[in-house]
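J.: The lines below spell out each chain.
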Amino acid sequence: MSSTIEARLSELGVSLPEAAAPAANYVPYVITGNQLFVSGQLPMEAGKIKVSGKLGADLGVDEGKAAARLCAINLLAQAKAATGDLEKVTRLIKIVGFVNSTGDFADQPQVIDGASDFLVEAMGDKGRHARSAVSAASLPFGVAVEIEAIFEISE
Amino acid sequence: MSSTIEARLSELGVSLPEAAAPAANYVPYVITGNQLFVSGQLPMEAGKIKVSGKLGADLGVDEGKAAARLCAINLLAQAKAATGDLEKVTRLIKIVGFVNSTGDFADQPQVIDGASDFLVEAMGDKGRHARSAVSAASLPFGVAVEIEAIFEISE
Amino acid sequence: MSSTIEARLSELGVSLPEAAAPAANYVPYVITGNQLFVSGQLPMEAGKIKVSGKLGADLGVDEGKAAARLCAINLLAQAKAATGDLEKVTRLIKIVGFVNSTGDFADQPQVIDGASDFLVEAMGDKGRHARSAVSAASLPFGVAVEIEAIFEISE
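Top to bottom, those sequences are chains A, B and C. All the letters of the first sequence, read from the start, carry residue numbers 1 to 155 under the numbering used here. All the letters of the second sequence, read from the start, carry residue numbers 1 to 155 under the numbering used here. All the letters of the third sequence, read from the start, carry residue numbers 1 to 155 under the numbering used here.
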C-alpha cells in the first residue's frame, strides 16, 4: 500500500466528503495539545443519513458494518478539516462505537469492525487504535451506528 | 456578555452549587497535565435529583433539555472545585451526553443541547466543545440524563 | 497495605491474567504522551467469559459487581502489558463502565463499584479515578459489564 493516507484512500476508492456540520450547538472537533477530539460521527453520505434502523431487528451485521465504515470515513474527513493535511495525524488513539440495537444483540465487535478495518486500511499502522464497542438504546435520528474518536496529531 | 465565566453565570442568574459528592467509590474529577476529567454528572439541584424518567415515554424534549442543563451546571461546579478559579479553565474540550430513553427516541441532539447551549452561554467561545450524544438503556437512580466532560486548564 | 501495586495484588490474592487479545481488529491499548488508553475490557477469566446476562433480569447486583471486578482486573493486566511494570502507572485517570441492563435498572453505581473498589484496593490513592456509569442496551457476547480506562503513566 502507499505510504500516505491520501494515497491509500485513493487506492481504496474513497474520497472524503466535506466534513459534516454538527447536528446541534457544538463543534465537530477540538484540538488540545497534540490530541484531536472528534465529535460522534453518523453514517452520512453526501450530507444525508444512509443507514438507520436497529441491529437485531431491522438490520443485519453487514449493514451495520457499512454504517460503521461511513462513520469512520466521516471521522477522517473531520481529521482532515481539523489539520488541513492528514499527514499531520500521527496516529489514531481510540474510538468508541455505539450500536443502535435490540437488547439481545451481541455482535457489536463485528459491526464496529466496519470502522476499525477501514481505519487500518486507510491509515496503516497509524490506524491501530484502542476501542470500546457497546449498544445504545437508540441514536440520533435513528441511525444505526455513532462513532467518536481521539487522534494524536503533530503540534 | 461579560468576559469572565463567573460574571456570565451571574448574568445568567446561575449560582453554582457545591460540587456534588460522587455516588460511589470514585472521585468527582481528576487532573492530569492540563486536562481535567469530570465524572458523569446527574441532573441534581440542591443535593437532590430533579429530573428522572425516560425520554420517549415519561418526559418531553424540554424536560430532557432542562435535565441536561442541570448536568452542565454541575460539570461547571466540579470544574470550579477542581481549579479554585474558573478563569483557569482555558476551554471545554468534550462532553458525552447519555440520555435515558426508549428504543425509538431520536432527539438526543436536542436534549443534550440543553447542556451545550448553557456551556456556550456561560463560557463563551471557550465553551465550544466536541460532543457525542447517545441513549443509554437506563441511568443511575433513573435520572433522565448523565453528562461527563473533559476541560483544558492552565497548568 | 503494601506500597507497590504488585504487592497489593498479591495481598488481595489476585494474579493478573495474560492480557486478553482484542475481540476484533483493534489493539488492546494505545500510549500517547503520558496517557494510556485501554480498550473496553470484558468480564473474562482464564480466557473465557465468566459473567453474561442482563442486570435487572438475569443477574443481581452482586453478580454485576463481580463482573465489574473482573473487567478491572483485565484493565490492570493490560496496563501491565503496556508498561512492563505497574510502578510506571502513576495514576488511574478515568473509567467508563457500561452495564448490560433492562430499561428500569437504576443501580449502575453499585455495579461499577465492583471495579472502583478493586482498583483503589490494588492501586491505593493512585487508583482514585473519575468515572461514568451508564447502562448499555446490550454488550458484546452478551456480557454483563464492559469497562474502558485511561491511565497516566510516567514517560
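Treat the hints with caution; some may be incorrect.
[Claimed, not checked] A partial selection of chain A residues facing chain B, derived with a Cβ cut-off under 10 Å:
#  : residue
1  : Ser3
2  : Ala19
3  : Ala20
4  : Pro22
5  : Tyr29
6  : Gly33
7  : Leu36
8  : Val38
9  : Thr90
10 : Phe98
11 : Gly103
12 : Val143
These are calculated hints, taken from the structure and not from any lab test. All residues carry an ideal CB built from backbone N, CA and C; glycine is no exception.
J.: Indicate, hint by hint, whether the structure satisfies it.
T.: Against the structure, the hints:
no.: 1; hint: Ser3; result: violated, 29 Å
no.: 2; hint: Ala19; result: violated, 13 Å
no.: 3; hint: Ala20; result: violated, 13 Å
no.: 4; hint: Pro22; result: holds, 7 Å
no.: 5; hint: Tyr29; result: holds, 6 Å
no.: 6; hint: Gly33; result: holds, 7 Å
no.: 7; hint: Leu36; result: holds, 9 Å
no.: 8; hint: Val38; result: holds, 6 Å
no.: 9; hint: Thr90; result: violated, 18 Å
no.: 10; hint: Phe98; result: holds, 5 Å
no.: 11; hint: Gly103; result: holds, 7 Å
no.: 12; hint: Val143; result: holds, 9 Å
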